[in-house]
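A.B. asks: Given chain A's structure and the hints, the job is docking chain B onto it.
Here the protein sequences come in this chain order: A and B.
Residue 69 in our numbering sits at position 69 of the first sequence; the count goes up by one each step and never skips.
When you read off a place in the second sequence, starting at 1, and then add 1000, the result is the number in our numbering.
The set of hints was computed from the structure by calculation and includes no laboratory data.
Among the clues, some could well be false.
Here are the simulated DSSO-like pairs of lysine-lysine, each with C-alpha atoms no more than 27 Å apart in a straight line [claimed, not checked]: (1) B:K1094 / A:K360; (2) B:K1224 / A:K405; (3) A:K360 / B:K1240; (4) A:K84 / B:K1224; (5) B:K1014 / A:K360; (6) A:K160 / A:K172; (7) A:K370 / B:K1094; (8) B:K1240 / A:K405; (9) B:K1289 / A:K322; (10) B:K1224 / A:K289; (11) A:K160 / B:K1170; (12) A:K405 / B:K1170; (13) A:K370 / B:K1170; (14) A:K344 / B:K1014; (15) A:K360 / B:K1259; (16) B:K1018 / A:K84; (17) A:K126 / B:K1094; (18) B:K1094 / A:K82; (19) A:K370 / B:K1038; (20) A:K370 / B:K1259.
From the derived model, a few chain A residues whose C-beta atoms are all more than 10 Å from chain B [stated by the list, open to error]: (21) K126; (22) D291; (23) G327.
As the structure is a prediction and not an experimental result, all values here were calculated from the model.
Backbone N, C-alpha and C fix where the C-beta goes; we use that ideal spot for every residue, glycine too.
Residues per chain, in single letters:
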Amino acid sequence: MTQLWTERYRPKKVGEVVGNPESVKAFVEWMKSWEIGKPIKKAALLYGPAGVGKTSLALAYAKEYGYDIVEVNASDWRNEEKMKAVVGESSHYASLEGSSKKMILVDEVDGVAGREDAGGLSALRKIINETRVPIVMVANNPWDQRLAPIREQSLMIEFKRLNKTTIIKRLKEICEKEKISVSETVLSKLAERSEGDLRSAIMDLQAVAAGKPVVTEKDLEVLGVRNRVREIFEALRYIFYAKSVRSARAALEGLDLDPETIYTWILDNAPTQITEPDELAEAMNILAKADMVLVRINKLQMWRLMKYAIPLMTGGVSVVRKTPPKGFQKFTFPPKIRLMQQFKTEREFRQNISLKIASKLHLSAYKANKDVLPYVGFIIAREDKSRHSLSQYFEFTNEEIEYLKRAYGEVKEGREAVEEKKEKPVQQKKKKTGFLS
Amino acid sequence: MSLATVTTLPWVEKYRPKTLDDVVNQEEVITSLKNILKTKAVPHMLFAGPPGVGKTATAHAFARDLYGQSYIEDGWFIEINASDERGIQTIREKVKMFARQIPMGGEIGFKILLLDESDQLTDDAQHAFRRVMEQYSATCRFILAANYSNRIIEPIQSRCAVFRFRPLLKKDIIDRIRWIAEQEKLEVDDIALETIYEFSEGDMRRAINTLQAAASISSKIDEKTVYYILGYISRGEIRKILELAMGGNFTQARDELRKLIYVQGLAGSDIVSAIYRELFYLDLSEEDKLELLDLLGEVDYRIAEGGTEEVQLMAFLAQLASKKKRRQT
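So here's chain A without its partners, still in its complex pose:
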C-alpha cells in the first residue's frame, strides 16, 4: 500500500520531532504544567514556516501521553456557532478520572481571520478564557491584526526553518526504513531544495524514490534539478572571449538553459571579466537593454524577439571588452543566487518586523518597512533598558531585536565612516537650498 511518507514518518513521540529543540521544550513544559494545575496561558500558538513540525509536535505529544485530540481543521468550519459547538463543548470538561485526557488543536488559526466566519475568532477567544483543556493553535503567520487578542492569551512558540544537516539526517533514517539506497549528494540536494521545509523534502524523496532500490542524481531530474554548472562555465568562456557578435551568440547553441538563467550568469560575471570602467559601463548598458527585450518577450509573449536578446546579452559583454583582464579571471557561480539564499532569512526577519509594525501603526507593510522600520531599529538599538518595552509593544522576538541591533546599532566601521565624512557638507547645502531628504 502506498502511503504518503510524510504521514508514515510523522513522529509518534515527542523525541522523534526533528529540529527546533527550544520550541519543543517550551511546548512540552507547557503541556506538563497542565498535569499539575492550570497554567497561566491556557493556549499555545505554535507558529513558523510550513513543514517544520508544528502540527506534528502537537500530534506526537498527544499520542505519546494519551491525549484525545479534538481537531478543528480550519478549512471545514470556523464561524462562531461551530467554534462554540465543537471547540467550546470539548473545552468545558477536563478529563474525568480514568478517562483519557483531551487536547484541542486549532490548525491554521491564521486562516480564520478575514474569512466569512469572522465570529469564530472572538468565540475562540472566549473559549480560551474559560477552557479547562489545553488549546493548541498552529499558524504560519500569527501577526494578523485580528489575532492580536489571541496572541496575548497564548504562549507564543516560534518554529524556524530546519537546517540542512537536520533534514539530511531525517531523510537518511527514512531511506533506511524504506530500504532504499540514496547517496549523500542526492540527499544533500534534496535538503537544499527544501529550504528548511522537511515535509517538502520527504515529499520530494518519495517522488524520486518511488519503487526504486537505488536513487541516483539522475533521478533528481524529475524534480527539474539539473546540474549544468560545468557546461555553463564553458559557454561563459566562449561568450566573454568571442571576437564577433556572431560567435558570441553561437556560444549558447546547444546549451539547454533558459535565457534568464544564462543572463544572470553573464550579468554577475561581467564585473570581474571586464575591468576597465568605461567598458564595463558600456557592457552594463547593453545588458540593461537586453533586459528590456526579455521583459517585452515575457509581457507580450513575443518569442521572436529572443533573436535580439541573445546577441545583446552575449555580444554586449564580449565585443565591448577591448582590454582583456590581466591573466585568467575565474568565472564564478553568480553571487546573486548565493546572496538570495543568504538574504532569505534576513528578508523574512524584515518582513515579519514590518508586518508587526504595520498592524500596530495602521500602515501597509511596505510603508512600515520603508518609512518606519529604520527609526524603530535605530531606537531599539540604542536604548538598553527601554529596548525591552518598545519591542514588547511591537511583540518582537529576541531574534528580531538582535537583528535590529545588528542592522541599526553599532555599525560596521565602513558605514559609520561614510556618515561622518558626508555629514558636514550636506548640512551646509541643505541650509542654503532647502534641499529635502
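C.D. replies: Positioned in the frame of chain A, the structure of chain B alone reads:
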C-alpha cells in the same frame, strides 16, 4: 537621555489624535464629520490628502465617536490596507466578507470599513469595489483613504463624499513636535525643529519618528543630532552605494544595491528617487551630472515599464563608476 523618559509606545501611536478635536489643521473636515455624527447618517467617504496629515487617525477617531471605545473589538470597524493587497481578490473576499455581514445589536445598523491607501488598488479591483459599495451599503459604509484622489476611478468618487485633507503647515508640525518634546522632557532647539520640519516634507509621522529617534541619542536635541539621524536612517545607504561606485568598487556597490532591493525590499522607483536627490551633490563635473541625469530618467522609465530593477540600476552605477575615473585622469 535618561532612559526613564522613553515610554513603551512609539510616539506616533502615543500622540496619535484620539478624538476629532485632536486632529490638527483640518477644521473644515472635522466640522463636517461632527455634523455627520450628530445625524448618524454616514455616507461613503473619501479622505484624500498627502501622507501623514491624519487621514487614518481621523477615520479611527470618527468610528470611536460613533460606536464607542471598543469599536474595533466589537466588530464595528475594520481597517484594510490596500497597498499590501492590491488585487481584485481583496475586494471579492476580504471586503465583501466584512461588508455583507449584518451587524448584531447596537443602535447603528451598519459597520465601517476603512480602506487605507485605496489609490493603490488596481483598476480591476476598483471596478469590483464600486458594486460592493452599493450592494452592501445597508450593512457597511466605506471610508477610503488615498494620497491621490485622481487615482480613484470616477464612479467610486461619485459614490463618496470627498474630504480633502490639507497639507500640514510648518507651524502645525513645529508646534506639535515642540509639544511632544515638552511632554517627553526633551530640549529641542529651534534650528533642530526647523530641520525636523524640513525633512518631514509635511508628514507628521516622519517628523515624530525623527524626534523619537533623536531622543534615543540625547535629551538635548540640536541640529547635529537631527542630521545624524537623517544621514543614518534614510540617506546613508544610498550615499554609500554611490560612493562605492565612484570609488571604483562596482561589485561592492552592486551587492549593497541588492541588499536594498532584496533584503529591505525597497521598490526600484524609490531607489531611483533617492539617487535623484543625491545626484546633484555628487563630486562630479556638471556635464557628467547632466549625462547621468539623462540616464537615470531612462532607468526610471524602464523600471516603470517592467525592467528588472537591479539590472537597470546597475547600468547606472557602472556609468557612474566610469565617470569618476574619467575625472581623475
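A.B. asks: Could you run down the list of hints and mark each one as holding or not?
C.D. replies: Status of the hints after comparison with the structure:
Straight-line distance between C-alpha atoms of K1094 (chain B) and K360 (chain A) comes to about 19 Å, which keeps the hinted pair within the 27 Å bound. A C-alpha spacing of about 22 Å is found between K1224 (chain B) and K405 (chain A), which places the hinted pair at or below 27 Å, so the restraint holds. Taken as a hint, the K360 (chain A) and K1240 (chain B) pair is broken in the structure, with Cα atoms around 31 Å apart against an allowance of 27 Å. Between the alpha carbons of K84 (chain A) and K1224 (chain B) the distance comes to roughly 59 Å, so the proposed pair goes past 27 Å and is violated.
Between K1014 (chain B) and K360 (chain A) the CA atoms are separated by roughly 11 Å; this keeps the pair inside 27 Å, and the hint holds. About 21 Å separates the Cα atoms of K160 (chain A) and K172 (chain A), which keeps this hinted pair within 27 Å; it holds. For the hint pairing K370 (chain A) with K1094 (chain B), the CA-to-CA distance comes to about 25 Å; that is within 27 Å, so the pair holds. Our distance criterion of 27 Å between C-alpha atoms is met by K1240 (chain B) and K405 (chain A), whose separation comes to about 20 Å.
Restraint check for K1289 (chain B) and K322 (chain A): the C-alpha separation of about 26 Å stays at or below 27 Å, so the hint holds. The straight-line distance between the Cα atoms of K1224 (chain B) and K289 (chain A) is roughly 43 Å, outside the 27 Å bound, and the hint therefore fails. Of the supplied pair hints, the one linking K160 (chain A) and K1170 (chain B) is violated, its CA atoms being roughly 47 Å apart against a limit of 27 Å. A C-alpha spacing of about 33 Å is found between K405 (chain A) and K1170 (chain B), which places the hinted pair above 27 Å, so the restraint is violated.
The suggested pairing of K370 (chain A) with K1170 (chain B) holds, with an alpha-carbon distance near 24 Å, which does not exceed 27 Å. Between the alpha carbons of K344 (chain A) and K1014 (chain B) the distance comes to roughly 33 Å, so the proposed pair goes past 27 Å and is violated. Restraint check for K360 (chain A) and K1259 (chain B): the C-alpha separation of about 26 Å stays at or below 27 Å, so the hint holds. For the suggested pair K1018 (chain B) and K84 (chain A), the alpha carbons sit about 35 Å apart, so the restraint of at most 27 Å is broken.
The straight-line distance between the Cα atoms of K126 (chain A) and K1094 (chain B) is roughly 24 Å, inside the 27 Å bound, and the hint therefore holds. Between K1094 (chain B) and K82 (chain A) the alpha-carbon distance is near 21 Å, which keeps this suggested pair within the 27 Å criterion. Of the pairs offered as hints, the one joining K370 (chain A) and K1038 (chain B) is violated, with about 39 Å between alpha carbons and a cut-off of 27 Å exceeded. A threshold of 27 Å between alpha carbons decides the hint, and for K370 (chain A) with K1259 (chain B) the separation of about 13 Å falls inside it, so the pair holds.
Separation of K126 (chain A) from chain B is adequate, the least Cβ-Cβ distance of about 12 Å exceeding the 10 Å criterion. A cut-off of 10 Å between C-beta atoms contradicts the statement that D291 (chain A) is not in contact with chain B; the least separation is 4 Å. Under the 10 Å C-beta cut-off, the non-interface status given to G327 (chain A) relative to chain B holds; the minimum distance is some 18 Å.
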